[in-house]
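Chemist: Keeping their order, the protein sequence lines are chains A and B.
Residue numbers for the first sequence, in my numbering: 1 to 266.
Residue numbers for the second sequence, in my numbering: 1001 to 1291.
Don't read these hints as lab results, they were simulated from the structure.
One thing to keep in mind: the hints can contain errors.
[Unchecked claim] Simulated crosslink set (BS3-like; lysine-lysine; CA at most 27 Å straight-line): (1) 151(A) x 76(A); (2) 1166(B) x 124(A); (3) 1108(B) x 1134(B); (4) 1134(B) x 1003(B); (5) 1086(B) x 95(A); (6) 1280(B) x 1066(B); (7) 1166(B) x 1134(B); (8) 1064(B) x 1086(B); (9) 1280(B) x 1166(B); (10) 1280(B) x 1246(B); (11) 1015(B) x 1243(B); (12) 1015(B) x 258(A); (13) 1280(B) x 124(A); (14) 1134(B) x 1015(B); (15) 124(A) x 1015(B); (16) 124(A) x 1153(B); (17) 1064(B) x 124(A); (18) 1153(B) x 1166(B); (19) 1067(B) x 1108(B); (20) 124(A) x 95(A); (21) 1243(B) x 1003(B).
[Said to hold, decoys possible] Covered stretches of chain B (in silico footprint by chain A; criterion: 3 or more residues with CB under 8 Å from a CB of chain A, positions within the stretch not fixed): (22) 1139 to 1146; (23) 1152 to 1163.
No residue lacks a Cβ here, since even glycine has one placed at the ideal position from N, Cα and C.
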Amino acid sequence: MTTAPEFTLCEQLIVAASEAWRGNGELVATGIGPAPRLAAGLAKLTHTPELMMTDGEAYLVEDPVPLGPRGYDDRKAAGYLPFSRFFDAAVWSGKRHAMVTPSQIDRFGQTNISYLGGTYDQPKVQMLGARGFPGNSICHINSMFVPAHSKRIFVEGEVDMVSSVGYNPARRTPGVDFSRVDLRLIVTDLCVMDFGGTDNAIRVVMLHPGVTFEQVQEATGFALEAASEITETPAPTAEQLAIIAQLDPHRLRAGVLKDNPAGKRS
Amino acid sequence: MNKQLTIEEFVASLKSGMTIGIAGWGPRRKPMALVRAILRSELTDLTIVAYGGPEVGMLCAAGKVKKLIFGFVSMDAIPLEPYFRKAREAGTLDILELDEGMLQWGLKAAAFRLPFLPTHVGLGTDVMTHGGFKTVQSPYDDGEVLLAMPALKLDAALLHVHRADKLGNIQALGPDTYYDEWFARAADRTFVSAEEVVDRMDHSYPEDARANIVERCFIHGVVEAPLGAHPTSMPPSYGWDMKHLKSYADSAREDGGWDRYFADTIGADEAGYLDRVGGKDAVAALPLPIF
C-alpha cells in the first residue's frame, strides 16, 4: 500500500481510532461525534466488515452513512435497531463497542459527562446528564476520542461525577460482577493510549510524529505508564484517505481539531 | 365509550404535585401541545420523568417542576438545554439523575407492578451514589449483587402520536417509538395527543394496526392536536424546527427572555400557536432531520 502524499492530523487520528474496532466481529460500532463516526465507518469498510452500524436514527445499515446533509432516504436500511430496542439488543447484551468524547477522564478510566464543579444539587456547569454511560461502561466495550489532550480532560483526581465505570478499586462494590468493564483505546491529538498498564492503568502505546512522552505526561493530570515499546502513529494510506473523504463529503472533519493541523510522518 | 377530550379538559384533569411522564426522546416526538397547555395552567410542584428535550427546559423556566427524573436533557443539534441548565445551576431543582436504560427499566417495573427490577446498570457510578439506590443479591448460585431499580410509577403519562380514535386506539408511525409504550403502561392515566383523531381506527386505518404501540386500556384521554409536536420532530410527517429551537435557546441568554418567549410564542391558547410560529403550512413542511 502506498502512503498518501498529504493528510491532516485529524485524518491520522481517524485511522488510529478505527483500529479500536479491529476484529470485534458482529457488534454495533458506535462512534459519537464526527471523528469517531468516521473511524467506525473506516473500520467497517476496511479491516472489519462484520461490524454493524446504525444510520444514527433507527436503522442498521451495511454502507456507513456519510456525515452531514444528504437526502433522507439515501441510506438503505438492512436492519432495524431503534432506541426502543437499543438496551435489549445492543447495550445490555454487550453487542456494542462505542467510542465517545467525555468531558473528564481520570486515571481509572472513569469518565464524566454529567456536570462540572459544584455539587450534584447545584452544579457549576450542568452538561447532558449521565445519558447511557453507566450502562455502556458496565455492559460493553468502550473507547475514547479526545481532540484536545489536556489536564482539564485528564484530571488529577477523580472525575466530578462518575458517569461511567472504570477500574477504580475503591468503587468495586463487593459481589458485583465488573468483569464486562472493557476499556480499549484512547486516541488523542497527542497520542494513543490503552489500559494495559499495571492494574489496567492508562498506558501510552503510540506517539504522533514529533510528540514526546514527556509532552503527553505534561498535558495529563495523573502519572502515565509507557508501553515497553512505544511506536509512532502511522500515516494514513491513500486508500484510507479516500474512504474518509467518501464518508465525509462536506469535510466536517476539518472542524474537529483546533486549526485543523497537518499530519506528519517521520 | 368516548375518550376524546379538549385540550382544556385534558389540563383540568391534572393536579399540582403529580408525577408526570413525558414520552418522546430529546427533541423528538414530544407532546408539546399538551406541555404548552400545562405551561399556561396553574399547575405547579410537578415531578417530571423524561428523556428530556425542550419540554423539560420550558417546564423548568415556567417554574412548574419540583423534581426532575431524567436520563438526559438535550436538543440534539443544540446539545445543552439552556433553561434546564439554568435551573440546575441555580440549585432550584430536586433531581434524580438516571442512566437512560435505568429509566425505561423503572417504567417497566411500574408497568409490571413490581417494586423493582434488577440490573447491572448504575453500579460503580455516581448515579448510584447520588440516587440512593439499593442493591439485591441473586438468590441463585451466582449470588451476584445487582442494583434494584425502583418502579417509576406515574400519575399521568403524555404521548404524541400520529393517529388516535375515540376509543383510545393509537398509532405511532415513524422509525422509532422510543419508550412511549412503557410511559403509558407505567401511568395511572395516559393522555395522548394525536395529529388526527378518527371515530374508529378499524374503519380508517386497519392496515397500520402494527403501529398500535400500546393497547387502548392504557389510554385514558385523546386530544386532537395537529402539528402538536412542534418544535420537536414528528417523522415521517414533519421534522424538528431547529431555527425555532435556536431562538428559544437564545432567549435564555436575554433578560426576561423566557417571559418574552412565553408571551410571543406559547401565548394564551393553542389555537393561535401555529400562526405565531410561522403557520400550519410551514410547520408541516419542516424537513426531517438528518443524522
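Chemist: It remains to establish, for every hint, whether it holds in the given structure.
Modeler: Here is what the structure says about each hint:
1. Straight-line distance between C-alpha atoms of residue 151(A) and residue 76(A) comes to about 42 Å, which puts the hinted pair past the 27 Å bound.
2. Taken as a hint, the residue 1166(B) and residue 124(A) pair is broken in the structure, with Cα atoms around 48 Å apart against an allowance of 27 Å.
3. A C-alpha spacing of about 18 Å is found between residue 1108(B) and residue 1134(B), which places the hinted pair at or below 27 Å, so the restraint holds.
4. A threshold of 27 Å between alpha carbons decides the hint, and for residue 1134(B) with residue 1003(B) the separation of about 40 Å lies outside it, so the pair is violated.
5. Simply put, residue 1086(B) and residue 95(A) have alpha-carbon atoms about 37 Å apart, too far for the 27 Å limit, and the pair is violated.
6. Under the criterion of a C-alpha separation no larger than 27 Å, the hint pairing residue 1280(B) with residue 1066(B) is inconsistent with the structure, at around 34 Å.
7. A distance of roughly 42 Å separates the Cα atoms of residue 1166(B) and residue 1134(B); the hinted pair therefore is violated under the 27 Å criterion.
8. For the hint linking residue 1064(B) to residue 1086(B), the alpha-carbon distance of about 14 Å falls within 27 Å, and the restraint holds.
9. Proposed proximity of residue 1280(B) and residue 1166(B) is supported: the alpha carbons are some 24 Å apart, at most 27 Å.
10. Distance check on the hinted pair: residue 1280(B) and residue 1246(B) sit about 20 Å apart at the alpha-carbon level, within 27 Å; holds.
11. Note on residue 1015(B) and residue 1243(B): the hinted pairing is violated, with a Cα-Cα distance of about 33 Å set against a maximum of 27 Å.
12. For the hint linking residue 1015(B) to residue 258(A), the alpha-carbon distance of about 51 Å lies beyond 27 Å, and the restraint is violated.
13. Taking the CA atoms of residue 1280(B) and residue 124(A), the gap is near 40 Å; set against the 27 Å cutoff, the hint is violated.
14. Our distance criterion of 27 Å between C-alpha atoms is broken by residue 1134(B) and residue 1015(B), whose separation comes to about 30 Å.
15. For the hint linking residue 124(A) to residue 1015(B), the alpha-carbon distance of about 33 Å lies beyond 27 Å, and the restraint is violated.
16. Using a Cα cut-off of 27 Å, the hinted pair residue 124(A) and residue 1153(B) is violated, with the two alpha carbons roughly 31 Å apart.
17. Between residue 1064(B) and residue 124(A) the alpha-carbon distance is near 22 Å, which keeps this suggested pair within the 27 Å criterion.
18. The suggested pairing of residue 1153(B) with residue 1166(B) holds, with an alpha-carbon distance near 26 Å, which does not exceed 27 Å.
19. Between residue 1067(B) and residue 1108(B), the direct Cα distance comes to roughly 20 Å. Compliance with the 27 Å bound is thereby established for this hinted pair.
20. The hinted pair formed by residue 124(A) and residue 95(A) fails the criterion: a straight-line CA distance of about 36 Å is larger than 27 Å.
21. Taking the CA atoms of residue 1243(B) and residue 1003(B), the gap is near 35 Å; set against the 27 Å cutoff, the hint is violated.
22. Proximity of the region 1139 to 1146 of chain B to chain A, defined as three or more residues with a beta carbon under 8 Å from a beta carbon of that chain, is established by the 4 residues found.
23. Only when three residues or more bring their CB closer than 8 Å to a CB of chain A does the claim for the region 1152 to 1163 of chain B stand; here the count is 0, and the claim is violated.
Of the numbered hints listed earlier, those contradicted by the structure are 1, 2, 4, 5, 6, 7, 11, 12, 13, 14, 15, 16, 20, 21 and 23.
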